[in-house]
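Heads up: the protein sequence lines correspond to chains A, C and E, in order.
Residue numbering for the first sequence follows numbering that gives the first Met the number 0, starting at 0 and increasing by one per position.
Residue numbering for the second sequence follows numbering that gives the first Met the number 0, starting at 0 and increasing by one per position.
Residue numbering for the third sequence follows numbering that gives the first Met the number 0, starting at 0 and increasing by one per position.
Mixed in with the good hints there might be a few duds.
Repeated chains share a single entry, so a pair holds when one copy, or any two copies, can fit it.
[Said to hold, decoys possible] Here are the computed lysine-lysine pairs in the BS3-like style, where the Cα-Cα straight-line distance is at most 27 Å:
{"no.": "1", "residue 1": "Lys-339", "residue 2": "Lys-72"}
{"no.": "2", "residue 1": "Lys-72", "residue 2": "Lys-283"}
{"no.": "3", "residue 1": "Lys-305", "residue 2": "Lys-332"}
{"no.": "4", "residue 1": "Lys-79", "residue 2": "Lys-339"}
{"no.": "5", "residue 1": "Lys-326", "residue 2": "Lys-283"}
{"no.": "6", "residue 1": "Lys-48", "residue 2": "Lys-3"}
{"no.": "7", "residue 1": "Lys-339", "residue 2": "Lys-326"}
{"no.": "8", "residue 1": "Lys-48", "residue 2": "Lys-247"}
{"no.": "9", "residue 1": "Lys-101", "residue 2": "Lys-48"}
Please keep in mind that the hints were generated in silico from the structure rather than gathered at the bench.
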Amino acid sequence: MHIKYTTERIFDILGADCIAVGEYEGEITGIASLSEGVTGDLSFLGNSKYRSCLENSEASVILVSLDCEELPKKGQIYIKSENPSYALALICRDIENNLTPKPEAGIHPSAIIESGAQVSPNASIGAFCYIASGAQVGGAVLESHVSIGRGASVADEAYLFSRVSVGDYCEIGPRNRLMAGCVIGSDGYGYELIENAHLRVPQLGNVVTDADVDIGANTCIDRARFGSTHIGLGTKIDNQVQIAHNVKVGKHCLIVAQVGISGSVVLGDGVVIGGQSGIAGHLKIGTGAMIAAGTSVFVDIEPQGKARGYPAMPMMQFNRIAVLQRKLPDFFKRFDQLEKTVNSFIK
Amino acid sequence: MHIKYTTERIFDILGADCIAVGEYEGEITGIASLSEGVTGDLSFLGNSKYRSCLENSEASVILVSLDCEELPKKGQIYIKSENPSYALALICRDIENNLTPKPEAGIHPSAIIESGAQVSPNASIGAFCYIASGAQVGGAVLESHVSIGRGASVADEAYLFSRVSVGDYCEIGPRNRLMAGCVIGSDGYGYELIENAHLRVPQLGNVVTDADVDIGANTCIDRARFGSTHIGLGTKIDNQVQIAHNVKVGKHCLIVAQVGISGSVVLGDGVVIGGQSGIAGHLKIGTGAMIAAGTSVFVDIEPQGKARGYPAMPMMQFNRIAVLQRKLPDFFKRFDQLEKTVNSFIK
Amino acid sequence: MHIKYTTERIFDILGADCIAVGEYEGEITGIASLSEGVTGDLSFLGNSKYRSCLENSEASVILVSLDCEELPKKGQIYIKSENPSYALALICRDIENNLTPKPEAGIHPSAIIESGAQVSPNASIGAFCYIASGAQVGGAVLESHVSIGRGASVADEAYLFSRVSVGDYCEIGPRNRLMAGCVIGSDGYGYELIENAHLRVPQLGNVVTDADVDIGANTCIDRARFGSTHIGLGTKIDNQVQIAHNVKVGKHCLIVAQVGISGSVVLGDGVVIGGQSGIAGHLKIGTGAMIAAGTSVFVDIEPQGKARGYPAMPMMQFNRIAVLQRKLPDFFKRFDQLEKTVNSFIK
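Only chain A is shown next, with the shape it has when bound in the complex:
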């Protein structure tokens, strides 16, 4: 990552709401954490857990919150703002645009667009992409080896990284980001046991994603049995997540890596699911619910509910029980002692 920024450029990006304390006249040539930062680096205090690293940081420019009481060293500048993490995000967006500029519109000569497919002149179609008959691709970016199925659609400003598959008839919304290797529209896992063999139940539906959805690398979203598996506006899905057929995910949910969501589950808006959690079929997870990492959910969760454990229970209850479980060895001893006392007394 080779960057070259002046502090003036940083102030331009952040706008009027930030306050400078101290002075640094050199160039900004890198970004690093507080403890790793050296002269020329931009750093930040986004999580109060790292407050103790601030004092000793060698970074030249440090983003801090408005209520930060520490003072910069000589030759160091603190830039105070309400939300230093957001400030960093703005700066990074600017760097990103320079580092990985959006590919130009056009179709790579090696790509194959079947007859009957429609591709916007604003689209950038990478090497070895395959766009099947009846598909529609808007002003989106497709990196290399992307496959778009029959009758599928990709909306404007979507970005599909290398080796994404969008299955037949699936619909990808505007400004979606689909990471490498994700599979949209694989068959739902549905079988009927007929004469001791599993007969596949055809999966006739599709996957529909609303605007501003992110889907992680190697994540899979199955097509609905009929109708649509649906991902709501602004929901962000991490890597290696499995979303089964007919799931409905609300708006602005966060689904962390390796989560598995079984068929026909309904997630309300703003649900947060920690990594490696699983949700059994046909359950309802209420709006704003939070599921801790590694939880296995076998019952509905009410709105704003917090769940944890195997099987899931209210988080407070889980935490209480986890403490008591660790006391079991001592507890068994206390019981044995009491039993002995009682028995000897009775005799």
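Use these hints to put chains C and E onto chain A, whose structure you have.
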């Protein structure tokens, strides 16, 4: 999903064993669940959990079981059969054949067939497929970006979705369905610790799948150290499953998403493994055993056994203990009270 | 697997440190486990768990340890060495070189090398590979459908299987083996909540792997927010592992399938993580620590620590508690009995 069916066509598909109650004269233009169905939709009552939705359903044609006592509304028809889920599957199969017809035989001009590879004239080879030297592909369908390794084989009527990899010398059975992104024949994970470094143990075997196996999206099946990792007849594997080297899977097993099976495990016939479960190396899982979702198995399971928990135990035992764990906070209090009572009495 | 070896060839491979007991004059035509081996097979006793299989094995040539007291049958040879597993690995390496010879150097005519990319004349670039501008590929093997991003690099003797993606600016070390479908350099999962929507935090860093790293099929390693996600020398990562942004993995670690490691975690050298375990963000796992399969880690682990459970605790403690949990049903009964006794006595 645009469909157009008459009720007569439905009766043709289902055959003589179904009974009609009520009447609907319009066209069938969609399929939906009982609660979402509207006029023109076909719906079904496959799971008694949804019985209460039947009465208020607006669907025009509803598949129900023979013993269903409810009666259709005016302009609505109930089609009764022994297994309405199976009836639906038959109808859906017919729709599927219309919606996503099997690609025609032939080799896409962009595909590369290395010299020494054999491809059946009945095969349909998609764009950007790569078939290595010595490979044999029968009358199968390969969608785009499929890779078939040296000396590997794919039998008749197999269907390989976009971006499937079949590694060197692996053998895919007849009528297998391999979902997008799955990897058959990756190296087994085997190392010897030699002078503090991990020396890779060559993995010389392959993967062999019998007929009628389904393999989910982004699932991985490792090649054997030597001999074969083997998947038995009719077994259905969901997305993101990991099957390690030398595993033997029996016939007609169901392996749900994100399950991990360690090296040299042997599964009997008809084993069912719930999502996100894991099985430690070298274990035997008996015929007909069931492993609940999210279970971690560290011991053999007897035939027909039911296991659950971390670490796995008999399901009845797990369920009993799970109830008692939730009583621990109260239990600790009762104990403290009893201890106090005894101690004060003794004094 | 068709092989043809003489016992003399085996002795050549193993060198002077092995001792022969018994005699076998035929050819070696296969490798099999003790119980499956037949005449002509090479077998081995690598794990004392299988000692009982030795006596009845029909294999013709069997690798055993120096202290093995059993004697071969007539027409059977035992080859004794200090580490029979290592001996087998040496033999298998020789077989592997014959079975799947390294592809010749050269660029497949279908591959696309963008202008500004540098490819070594010693590289073997497979069908449909895409190498973006600014990328550098040394004397490595790329199978089919591999994608190398802008400014990324692949060092000498790396082997990238089919459908590997190496993202922009990522650096793959010498002698790495990247299994099919793995994704190096996907975006880290980082968002800021701004006005009730999740704003993506740009991920400006890369992934750097040291020498001799193996990465499993469909594994994902996210690029750092800034700086590098780093995988240390000789570390071996299994299939479907998720490694989040800014993680630092030490040297010679083993990370088994389906493990998830959250952002900014630091693993010391020689850490071993069992399958399906998860590690929460920003934790430190000390050198030589072992984490049992299926564990969810929410606290730091000290060097040489052994952890197990949900949430993770010291393994000894977990095992003790697991035993007591199974006694809970009986324990509750004993308590009820004691309570009754006390109460009736007091009355």
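Against the structure, the hints come out as follows:
For a Cα distance limit of 27 Å, the shortest separation of Lys-339 from Lys-72 qualifies neither inside one copy, at 67 Å, nor across copies, at 61 Å. Taking identical chains as interchangeable, the C-alpha atoms of Lys-72 and Lys-283 are never at most 27 Å apart, the minima being 53 Å within one chain and 30 Å between chains. Proximity of Lys-305 to Lys-332 under the C-alpha cut-off of 27 Å is restricted to the inter-copy arrangement: shortest distance 25 Å between copies versus 34 Å within a copy. Proximity of Lys-79 and Lys-339 under a CA criterion of 27 Å is satisfied in neither setting, with 66 Å inside one chain copy and 58 Å between copies.
In this assembly of identical chains, the alpha carbons of Lys-326 and Lys-283 lie at most 27 Å apart only when taken from different copies (26 Å versus 34 Å within one copy). Proximity of Lys-48 and Lys-3 under a CA criterion of 27 Å is satisfied in neither setting, with 29 Å inside one chain copy and 61 Å between copies. For a Cα distance limit of 27 Å, the shortest separation of Lys-339 from Lys-326 qualifies both inside one copy, at 20 Å, and across copies, at 19 Å. Within a single copy, Lys-48 and Lys-247 get their C-alpha atoms only as close as 36 Å, which misses the 27 Å cut-off; across copies the closest is 19 Å, which meets it.
Neither within a single protomer nor between protomers do Lys-101 and Lys-48 lie at most 27 Å apart by alpha-carbon distance, with minima of 36 Å and 50 Å respectively.
Taken one by one, the earlier hints fail for this structure at numbers 1, 2, 4, 6, 9, listed in ascending order.
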